[in-house]
Each structure stands twice: as C-alpha cells, then as structure tokens.
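Read off the chains here:
Number of protein chains: 2
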Amino acid sequence: MRGEFSFIERFLSAFPRARVPLGPGDDCAVLPPSRGQTCVTTDAVVEDVHFTRAHFSPEDIGHKALAVNLSDLAAMGATPRWFVCAVALPRDFPGRELSRLARGMAALAREHRVALVGGNFTSARELSLTITAAGELKRPALTRGGGRPGHLLYVSGTLGEARLGLNLLREGRRRGAAIQRQRRPQPRVALGLLASRFASAGMDLSDGLAQDLGHLCEASGVGAEVELSHLPMSSAVRQALGWEGALEGGEDYELLLAVPPEQVAAFERACARAGERVTAVGLLTRARRRVLRDPQGRLIPPPPGFDHFRVRPPVD
Amino acid sequence: MRGEFSFIERFLSAFPRARVPLGPGDDCAVLPPSRGQTCVTTDAVVEDVHFTRAHFSPEDIGHKALAVNLSDLAAMGATPRWFVCAVALPRDFPGRELSRLARGMAALAREHRVALVGGNFTSARELSLTITAAGELKRPALTRGGGRPGHLLYVSGTLGEARLGLNLLREGRRRGAAIQRQRRPQPRVALGLLASRFASAGMDLSDGLAQDLGHLCEASGVGAEVELSHLPMSSAVRQALGWEGALEGGEDYELLLAVPPEQVAAFERACARAGERVTAVGLLTRARRRVLRDPQGRLIPPPPGFDHFRVRPPVD
Chain A
1 MRGEFSFIER FLSAFPRARV PLGPGDDCAV LPPSRGQTCV TTDAVVEDVH
51 FTRAHFSPED IGHKALAVNL SDLAAMGATP RWFVCAVALP RDFPGRELSR
101 LARGMAALAR EHRVALVGGN FTSARELSLT ITAAGELKRP ALTRGGGRPG
151 HLLYVSGTLG EARLGLNLLR EGRRRGAAIQ RQRRPQPRVA LGLLASRFAS
201 AGMDLSDGLA QDLGHLCEAS GVGAEVELSH LPMSSAVRQA LGWEGALEGG
251 EDYELLLAVP PEQVAAFERA CARAGERVTA VGLLTRARRR VLRDPQGRLI
301 PPPPGFDHFR VRPPVD
Chain B
1 MRGEFSFIER FLSAFPRARV PLGPGDDCAV LPPSRGQTCV TTDAVVEDVH
51 FTRAHFSPED IGHKALAVNL SDLAAMGATP RWFVCAVALP RDFPGRELSR
101 LARGMAALAR EHRVALVGGN FTSARELSLT ITAAGELKRP ALTRGGGRPG
151 HLLYVSGTLG EARLGLNLLR EGRRRGAAIQ RQRRPQPRVA LGLLASRFAS
201 AGMDLSDGLA QDLGHLCEAS GVGAEVELSH LPMSSAVRQA LGWEGALEGG
251 EDYELLLAVP PEQVAAFERA CARAGERVTA VGLLTRARRR VLRDPQGRLI
301 PPPPGFDHFR VRPPVD
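Sequence order for the protein chains is A and B.
Sequential numbering of the first sequence, starting at 1, is according to the working numbering.
Sequential numbering of the second sequence, starting at 1, is according to the working numbering.
A portion of the hints provided could be inaccurate.
[Stated by the list, open to error] Some chain B residues near chain A, calculated using beta-carbon distances under 7 angstroms:
{"no.": "1", "residue": "28"}
{"no.": "2", "residue": "34"}
{"no.": "3", "residue": "43"}
{"no.": "4", "residue": "126"}
Everything labelled a hint here was simulated from the structure, so no lab data went into it.
Computed from a predicted model, the values in this text were never measured in an experiment.
Backbone N, C-alpha and C define an ideal beta-carbon position, used for all residues, glycine too.
The shape of chain A in the complex, shown without the other chains (with noise of 0.2 angstroms):
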C-alpha cells in the first residue's frame, strides 16, 4: 500500500486545484501562452544540508523549499505563477508527515498565489525537495549585471537572523524569532515586484552578503563601498555575532539591491508607502574591489561566504 500513487495523491491534496490547461496527472501539465517574459529557477533543500528532521517539522521543510524558490523569483522582480515539486523520500518516511510536509508548502503557495502544477516522487536514502517555480515579469527583469557605479546599495529586513538560528538549534534552543527565520524564511516577492520600478540590479541573499555583493559587483563589473555600521540586524544578532554574522550568515532570504542616486528618493518613499523595511548599507564603486569600512572608518577585507562544498557544516 506504500505506493508511489497514494504518495502523490496525499501530497496533491494539500493543494488546490491548479487553474491552468492541465495540472498534475499527466506526463506533463499544460500551461497557457505567456504574454511576458518568464522568470524560471531551480533549487532544492536537502536533509542533513539544508535541514535536519529533528529541527525542522515537515510544515517547516515544505515551507522552505518553496520559499527559497520563491525568493529567487522576487529577486527578479517577477510575480510567482507556478512550481513543480519533485520529492526524494526514504523508504521509511511516514505517509502523515508527508502529509504535513505538503500543507506548510501549500501555506506558502497560497500566500503568494502560485500553482503547484506538476511533480515527481523517488525513494532515496536522504529526503530531499527539489522546486522548480516560474513567475511572470511584467517589467524588465532585476539582473545581477545593471548595478552601475554610485548606485547606492540596499538591503531588505535585517540579516543574520537565519545563522543565529541556526547556531540556537545546534545549542538545543526551539523556539524564537531567530529560529523562525531559519525555519520559515520569507521570500520579499512584493518588495521584489516594488523594486523592479527602481533598482538598477538586485539579487536574494542566500549565502550571506558578503559572498552574494560578490557575485553582484562581478555580473556589474563594479566594486563596492559596505558601511559596517548600517547593516540591519537586530539586537540579538549584533550581540550574538556581531557583524560577521550579518555579512556571513546565510539563508536570510532578503534582497540585495541597487538603485541609481535619481531614483532614491522615489524608492524610498515607495519602500514606506508598501511597510517595506530597507536600509542603505552603501554604494557601487568603479573600483573593482569590495571594502568594507568598519565603524571606525578602517578599512576591512570582506569574509568567505557561503558555499556549501566548502565552509558549510550541516545542521546537526
């Protein structure tokens, strides 16, 4: 009774009916013509990488796995409309949390109006979810590569929340605003969608800002100028880790943005109209490399990021 067909079937419940040509079922789903440009990504959580069982409830893993596709879709400044879900699970996964598994993601689904169109279950030694999400851009897309010198930089909400989550479940804490944050990151789709009338280039900050200003500065061809001081953290954060943890951590899931001096004033009075935290932490430079200035105006070399061949250590 441990089929393939009733785990698909439990999983599809959760969601609604998808109101495209034909939704899941089939070989394939069916979606309509697209009048603008498509946003596609592809990204997955994993067990023991990106989450453990004993920290996570399977609201959590659903809900994160949709999220952080999700985020890349607002970091382009797209409106999500629709994901497929392909789902890795042992062979001893209980059919009841996977149950639970599907409604946190159908949470989130609903939240932002996207359609779970399609999907594909494997057994596998490890649970994994991997989500391909598309969304509709009904202006140019946000890229990495249009950040100019002297645009200034933004970032959304306050980071290191999700690494100080992460340290507080390997210390056996299990509840807190930190926690959440690791466990429920929320993907800024409105504020993407807002910034997209602005910025000149914008990205999600999955690994920390330090590594992703990185990957900004070099699709740009520009440096940049951090002021260490501006960083929005909170005070637990800036206790806890101080700034490190602000430019290191990953997984905050808010967004890294450029928006030119002319559209400054503009942007953030849109930012406040909308109840959209951002806060200026500095500006692209010509010269090609990135500073960051300490609150004591030295100047510091900007920290590895995150890259989980390399530094990671998974949650344990």
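Starting from the known structure of chain A, fit chain B onto it as the hints suggest.
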C-alpha cells in the same frame, strides 16, 4: 577549491550558450513569451534507484536524466525547448566525472535542440539529478485521457529491452543492445510530434506497459484488450523474459498511443514515411477492465507494474 562555483562552471562549459533573454548565472533564467501552450515536466534520477555508478558511466547518467524528461514531453506531442538541472553531489564526487556527466547530457540536448537555461548544485549523500523540462505545443496536448472505446493501441519500438539490460548488468555483463537501452534510453520526440496529428491519447512507457496502460485506461475511462502475441520484442527479450518482460519491464521510454480507427491508415503511413516503428497491440474497450490475451486466446490478468516504492529493487 572544490567550491560550488567551480562545479557550476565545469558543468555549464559542456553546453552551448542558451539563446534566451537570460541564461544560467543569475537568480533566474528569463525566457521569451510563448505563443503556444507550454508543457512542463519534472523527473529525477537517483543513485542506486535509477542507476548505479558501477554500471553507468557519468555520460550515461547525464543522458538518462535528460532523456526521461524529454520522453515526457514527447508523450504530449511537445517540442522540447528548455530545461533546468538540479544536481545533488556527494562531497567526494570527482570534478572530471561531473564534466563527463554534463557532456552526456549535452549531447542529448544538442540532438533535440533543447537549451539548458539554469540549474542548482547542492551536496548530498547520493548523486541525483532532477530536471525540469519544458516544450512547446503546436497542437492540443496528447493526454492520457483522450482514449475512447474502439481506438487502437500502438506502442513504439520494442518492449522489455531496458529490463533485460538491467538484468544483464546485474549478472555482470557490460555490453549489448539491451544494456544500451537501459543506459541510454531514446526519447521518442519526433514520433510524439507526429502522433499528435493522429492519436487521441498518449503517454510514455516508463513503468512498464501493464501499469502504464492502467493509467491511460483510468484517465480515459475505458478498458483495454492487449494481444500478447502482438507485443514487439527482440528475440533476446522474448527468450530471456517472455511476455512478462514486455509487460512489466519499466524504463523502455517508448510511447503508448491510442489512435481512432479512422486515423489508423494515415497514422501508419506517416510512421512508415518517417521511419518510426509502431505496432498495433490491442484496442480500447467500453468494459472498464484490462484484458490480456495470450497466443492461445486465453485471458490473463495484468501483472503489477513497476513502482519505486513497492516492487523495484535498486540496481546493484
């Protein structure tokens, strides 16, 4: 030096640059508006479930990961356009094997003129590749649900080869036509496109004819009669596995098609002209049960199909 980014570069270098507004390297790919409907599918191949590194070369693995997805597009009559590839790699996976894997995938992509537009790398305990592929429809999609009583059932190519290949690999054999079919399934893209002009229903044979025919019948609300003596098999399969091999052997990635009687002559002519081998193996019936008829005219019940969670042991 074994960072995520060197893996990405190594992988991408096997593929030509995608002719889309924005290819790999940003948060999302950007695709042009689509005039027609789009088919989307996602499918994964997992180490020790769909392949073993002992029996599959890296090129085989890359080929198979893409082939199983293109086969789903073929089944709907779609022309492959783009795909994204999420790679989960054990930490000790050699970089040169990743290059070979990418080359195997790229060769098949080139053959079908389908563009790699994005991807993701993560570490994991076992190697897996999860691809999402999209194709363009020029006619209405060939679904599983369009079959009607009286429509003829066709299968392409020969059946049971991939299962025979799997058995031979387990016995220690390394070469031969059946092993090649297991390692390098050929998605029937041209046939799917052709069939969409004539057929009422279609799907690909990934789980074995017995099980897949059940899905087509269920979706179409019909039953079926299959003549075992008509099943196309090589003499090697006939000898080694008998009818059961053709019925139960998964992973052939041939097409199963239902064709209305008034289209049969034109369909067969078009297949002959195109050099596509198809064989009429039975017909759909009003009575909603599946009947197999052996060469002596005796009825036999359909055997259980291939199900990762139920019957399929890993290759070992």
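Verification of the supplied hints:
A hinted interface residue such as residue 28 (chain B) counts as satisfied when its beta carbon comes closer than 7 angstroms to some beta carbon of chain A; here the least separation is about 4 angstroms, so the hint holds. Below 7 angstroms, beta-carbon pairs count as interface contacts, and residue 34 (chain B) has one with chain A at about 5 angstroms; its hint therefore holds. Given the 7 angstroms rule on beta carbons, the hint for residue 43 (chain B) holds: about 5 angstroms separates it from the nearest Cβ of chain A. The closest approach between the C-beta of residue 126 (chain B) and any C-beta of chain A is roughly 5 angstroms, which is under the 7 angstroms cut-off, so the hint is satisfied.
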